[in-house]
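S.K.: Hey, can you work out the whole structure from these sequences and the hints?
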Amino acid sequence: MKLIYYELMKVLGKKIFLILICLCFLLNIGLFCFLQQTSENSIYNNREYKAIINRFSQMSFKTAEQKISEETKAYEILSVMRETALAETKEELQEYINVLNKYKEENPRAYSASKRLNKSGFDKKRETYFYELSRQVNYINSYPKFIGEMDKRAFSQSEFSVFKDNFSYRNLFKTAEDFRGLKQIKLSIGNDIPVTSALSYKFGDYFLIAIVFLSCVYLFLQDKESLTDRLIRSSKKGRIETISAKFIALFIITLFVCVIFSAGIFTASGYLYGDFDLTRQIQSVSDFQNCNLNLNIGQFCVLSLLCRAISMLLSASIFALLFIIFSNTSFVYLISALLISSEYFLYNSALNTTFSDYFKYINIFYASDSSCFLGKYINISIFNEPVSVYALDILVFSILIILSTVISCVYYCLKANEKTKIVLPRPLVKIKDCFHFTGSAHILNGERYKFFWVNKMLIFSAVIVLLAVLSSLNTIEYPYLNADDVPYKAYMEKLEGDLTADKEKFIERENKYFKKLNMRVEDIDNDESLSVQTKEVLINTINRILETEGSAFERVNNQYKRLKTLNTEGIEAKFIDENLYADFINNSEREWVSLVLIILLMLVSVPFVFTVEYKRNMINLIQPTRNGKSRLYFDKLSIVFFAVITEFICVYAPYFISFLKSFGANSLRTPIVCINVFKCAVGKISVLNAFLLNMLCYFSAVALSAMAIVMFSIFLKNHMLTLVISTITLVMPCILIFPNQLIRAGAIFCGNYTLCSFTVISVSILTAVILMLLSLKKFTNRILKG
Amino acid sequence: MLTLEIKNLNKTYKNGKVKALCNFSITLTPGVYGLLGPNGAGKSTLMNIITDNLRADSGKILYNGRDIKKLGKEFRSVLGYMPQQQGLYDDFTANRFLWYMSALKGLKRKEAKEKITELLKTVNLTKSAHKKLGSFSGGMKQRVLIAQSLLNNPEILILDEPTAGLDPKERIRIRNFISEIAENKIVILATHVVSDIEFIAKEVILLKEGSLIACDTTENLLSQIDDIVYEVTVLSGEIEQLEQKYNVSNIFRRGDEVIARVVSDSLPDELRKTKVRANLEDLYLFYFGENKDGKSEKA
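Protein sequences, first through last, are from chains A and B.
Residues 379 to 1164 in the working numbering are what the first sequence lists, from first letter to last.
Residues 153 to 451 in the working numbering are what the second sequence lists, from first letter to last.
Honestly, the hints are just simulated from the structure, not real lab data.
Do not rely on the hints blindly, as some may be mistaken.
[To be verified] Using 30 Å as the maximum straight-line C-alpha spacing, the simulated DSSO-like pairs for lysine-lysine come out as follows:
id : chain 1 : residue 1 : chain 2 : residue 2
1  : A       : Lys993    : B       : Lys171
2  : B       : Lys225    : A       : Lys393
3  : A       : Lys480    : A       : Lys503
4  : B       : Lys397    : A       : Lys1155
5  : B       : Lys225    : A       : Lys1156
6  : B       : Lys279    : B       : Lys321
7  : A       : Lys1062   : A       : Lys942
8  : B       : Lys159    : A       : Lys993
9  : B       : Lys171    : A       : Lys393
10 : A       : Lys893    : A       : Lys942
11 : A       : Lys428    : A       : Lys580
12 : B       : Lys265    : A       : Lys993
13 : A       : Lys388    : B       : Lys283
14 : B       : Lys166    : A       : Lys602
15 : A       : Lys388    : A       : Lys939
16 : A       : Lys872    : A       : Lys1057
17 : B       : Lys321    : A       : Lys1155
18 : A       : Lys615    : A       : Lys388
19 : B       : Lys169    : A       : Lys1156
20 : B       : Lys284    : A       : Lys602
21 : B       : Lys267    : A       : Lys993
22 : A       : Lys808    : B       : Lys283
23 : A       : Lys808    : B       : Lys221
24 : A       : Lys793    : B       : Lys284
25 : A       : Lys1155   : B       : Lys283
26 : A       : Lys1156   : B       : Lys166
27 : A       : Lys793    : B       : Lys293
28 : A       : Lys834    : A       : Lys893
29 : A       : Lys993    : B       : Lys169
30 : A       : Lys834    : B       : Lys293
31 : A       : Lys1095   : B       : Lys284
32 : A       : Lys530    : A       : Lys503
33 : B       : Lys321    : B       : Lys273
34 : A       : Lys808    : B       : Lys293
35 : B       : Lys166    : A       : Lys393
36 : A       : Lys1155   : B       : Lys279
37 : A       : Lys993    : B       : Lys427
38 : A       : Lys1156   : B       : Lys321
39 : A       : Lys942    : A       : Lys881
40 : A       : Lys893    : A       : Lys881
M.R.: Next comes the structure, spelled out in structure tokens:
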């Protein structure tokens, strides 16, 4: 017990860890509230809704159904009443009146209610609340049918004995069997929003993973770095007892943070949307229609917490295994980042193959997402047998947790502390002896050696350069999004470039062609010699052409008109493939992915430059020297920026090169105002200049990130801590912001893009300079701890 | 003349609860100064303040009359420092490490080359120059650290336990080497191995609980305790009692008898005792030993 206590103290005794937990907890809740405010659920963050839902959830279902039906009918009638004001002719008005009279006859109470609502003023929100309640009622009423259909499908398939060995066949039966227990459950009306919003919130997992990772740093790396592991291992209880205590402490911390983070979200959700009845059947919430677990909301929430906890425990045990086996901190970070990224990618992948299903569903992010994991009944095929995803995940996760823990314990107990060195054969030793370091009186040489050789950045740099070169050999596919993109591309291949007389004639001809085509539709419709079927076929054929080629030409025509206008404004307007070049300049997904990638690369290379001096207290020795302060700082900074520039080129250049290879450079000088999306851009900035401005914006953001990492390295003085804090402050916000199209890593394309870009660049550079000065001051005025 | 003046240096830790240096003042001129004191006396604090690794709460340090804080780089150019329990870059060879330190100390290439060759020879590491520091023993690492402290031919040399981990032969070599070079340097040598400074120190600085107890030549300090160091012969069973009552510096056994070296000015006459010549270890015990008989402990 004592050992567990001391291991816990190694983590909880660190102020920074406690501050981080509090910070992440608050950020998590803040992010949740922010997302709720900007989501469609924000309309339910309202006292009136809470009062309405409370009232109806306390009634019996039948009573509630009746009242809700009346209210929604009243709103339906009210909307008809309001539409009468829009009637343009007497006939239209009479139609509305007839409808209203019919309502009055069939639903007198609802009609009176609608008149009351009309008098009190139209309340859109209230209407939405009742439609939500009506949706609940309809869902509850349809549920028995939903369950019944499973049995029907299974029964109907049982007649076809041919497919009995098929997974789909067995799955039908298993599904029916698993849902049979829900036939008699009673669903009720209630407040669904807090349940769905809390259970579908996924971003908390990122914070949890960061905290779990940091716990592993303190439990498994700290002893190694402070060299106390030798002392510990030589003690009576320094092996199996110590490692067991570490794992128990890790699991306690993991469970604790899972509980408090989940509790925080549920509390926040309850505060925003009102209390929710924990005794309601989970299937009462329509999002969980496909859940086969016979649980109430309270039990479901507890189970979801357990699932999240198991996912986090698995992450914890894998991180621990990596820390125990590998001594290189950058390597551990890289592997961990790769594992988490792969899990994330596979969880979000739209690949629809059986193979990818295994990794999509046996996945820590999937298991943490209880709205999917527990909320949607899924079976996976294991040797053609349908196996429930919950059972499979819990089994696999448990095995992995046990396996990784056992391997870690065995390795920890049995490993020797010595580093195994490769013994070279004698001839190679003799050759090696000929190549001794001859000496250099430049600090940079020492720094370069540390960076490239000691930190193995030479290999890393070679790998990323190689990957960049390979990546630039790829061809980029045309960004087809809509049905008319194919003909549009064909048009652009003909028209791209200057607006010539020939092109104008071509457009005129096409214009005439499509006008004739439109008229043809009318003609066919009016042609009485053709049968209905023939007319339908012909019209459909023409419509298909109009929907694709016609739509594409319309875009081209609009583009042409815009170019003509731009020409009159003195801009040298040209035809340009809008799809291609809009995507070339302005793809927010690529922007954020590239930024995240380069930050991750910087995290592998940059922290070591400064933290290496604090690791063995070399800082004590080098700072009392003549050049050991500012000069050393700037030399180190030059190494940092060399790495940053290399990584920047490796991340951003391949796309540009691939683009040129795939589509050429013909339209790079075209002003971006020729592209519809950028029509509000001020000035004559060309596509190439816009792209370069983007690059400058990105570089300034990257420089700022690099300075932030340098600052963390100097202030925290610990490599792994720098990695974790940088991940939380730099990487995670990028991942969280990424789905929001409005926030960009560069400048936003609106109005004076040049000015906007230079503002972004200036602010980034200025902030980077401030961070540089702060870190310089800290590095040179380093005070030993008293 | 080269001087290092330390004036009224004060340093506390833990918001003033722990006094590491208390109005410490001293003027140093070329020569070796041995810095003696028990653990927590303030030796490392003093050295860290001189090397600008630590900020004093108050006080000044003047190098040739000029404040070292204002001199900054200029002072660090003339400083050589060898800290205690210092880690090194495991992946650097000794040669590369010394070149790196030369670069940090601002040496030109030619000068650095000469110095590195010379110092590797001095510390007897020429053969191991191209081996990685990670493979060095503790003593070898010490020697590398001594070598790097001398690269820039410093005027102020701060050595913290320079002979720790060295075998006797190496210890003597280093000691003699320090003595040779100290003619035109101020060398502050902190050590628990009093024999390191007994013969080479110009003056011994005694530090206790942050305060300067004494600063004088070895001869003058020893003359204070000349009459109170004895070799006392007792039976085996009596030695424990003797240790409890008096400051005992050395014990050696001869058959059933034990001869103990005692520092005390109140030994009873009935004890079989012979007056012996005092050494620095006796002095240390005299100043920093436990106050057992209420008289013998000076400080």
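S.K.: Could you run down the list of hints and mark each one as holding or not?
M.R.: Verification of the hints:
1. Lys993(A) - Lys171(B): The hint holds at about 28 Å.
2. Lys225(B) - Lys393(A): Violated - the C-alpha atoms of Lys393(A) and Lys225(B) are around 35 Å apart, more than 30 Å.
3. Lys480(A) - Lys503(A): holds, 27 Å
4. Lys397(B) - Lys1155(A): Given that 30 Å is the threshold and the Cα spacing comes to 55 Å, the pair is violated.
5. Lys225(B) - Lys1156(A): holds, 17 Å
6. Lys279(B) - Lys321(B): holds, 18 Å
7. Lys1062(A) - Lys942(A): Holds. Lys1062(A) to Lys942(A) sits at ~15 Å (cutoff 30 Å).
8. Lys159(B) - Lys993(A): violated, 34 Å
9. Lys171(B) - Lys393(A): holds, 25 Å
10. Lys893(A) - Lys942(A): holds, 21 Å
11. Lys428(A) - Lys580(A): holds, 25 Å
12. Lys265(B) - Lys993(A): holds, 28 Å
13. Lys388(A) - Lys283(B): Distance of about 36 Å is beyond 30 Å: violated.
14. Lys166(B) - Lys602(A): holds, 28 Å
15. Lys388(A) - Lys939(A): Violated. Lys388(A) to Lys939(A) sits at ~70 Å, over the 30 Å cutoff.
16. Lys872(A) - Lys1057(A): holds, 22 Å
17. Lys321(B) - Lys1155(A): violated, 44 Å
18. Lys615(A) - Lys388(A): Given that 30 Å is the threshold and the Cα spacing comes to 17 Å, the pair holds.
19. Lys169(B) - Lys1156(A): holds, 25 Å
20. Lys284(B) - Lys602(A): holds, 20 Å
21. Lys267(B) - Lys993(A): This hinted pair holds, its Cα atoms lying about 28 Å apart.
22. Lys808(A) - Lys283(B): holds, 14 Å
23. Lys808(A) - Lys221(B): violated, 50 Å
24. Lys793(A) - Lys284(B): Distance ~23 Å between Lys793(A) and Lys284(B) Cα, so the pair holds.
25. Lys1155(A) - Lys283(B): violated, 36 Å
26. Lys1156(A) - Lys166(B): Holds, at about 21 Å.
27. Lys793(A) - Lys293(B): This hinted pair holds, its Cα atoms lying about 26 Å apart.
28. Lys834(A) - Lys893(A): Since the Cα atoms of Lys834(A) and Lys893(A) sit roughly 67 Å apart, the hinted pair is violated (cutoff 30 Å).
29. Lys993(A) - Lys169(B): holds, 29 Å
30. Lys834(A) - Lys293(B): OK: Lys834(A) and Lys293(B) at ~24 Å, within 30 Å.
31. Lys1095(A) - Lys284(B): holds, 25 Å
32. Lys530(A) - Lys503(A): violated, 40 Å
33. Lys321(B) - Lys273(B): holds, 15 Å
34. Lys808(A) - Lys293(B): holds, 25 Å
35. Lys166(B) - Lys393(A): holds, 17 Å
36. Lys1155(A) - Lys279(B): Cα-Cα ~41 Å, so violated.
37. Lys993(A) - Lys427(B): This hinted pair is violated, its Cα atoms lying about 52 Å apart.
38. Lys1156(A) - Lys321(B): Given that 30 Å is the threshold and the Cα spacing comes to 43 Å, the pair is violated.
39. Lys942(A) - Lys881(A): Holds: Lys942(A) and Lys881(A) sit about 12 Å apart, inside 30 Å.
40. Lys893(A) - Lys881(A): Holds, because 18 Å separates the two Cα atoms, which is no more than 30 Å.
Going down the numbered hints, you'll see the structure goes against 2, 4, 8, 13, 15, 17, 23, 25, 28, 32, 36, 37 and 38, while the others check out.
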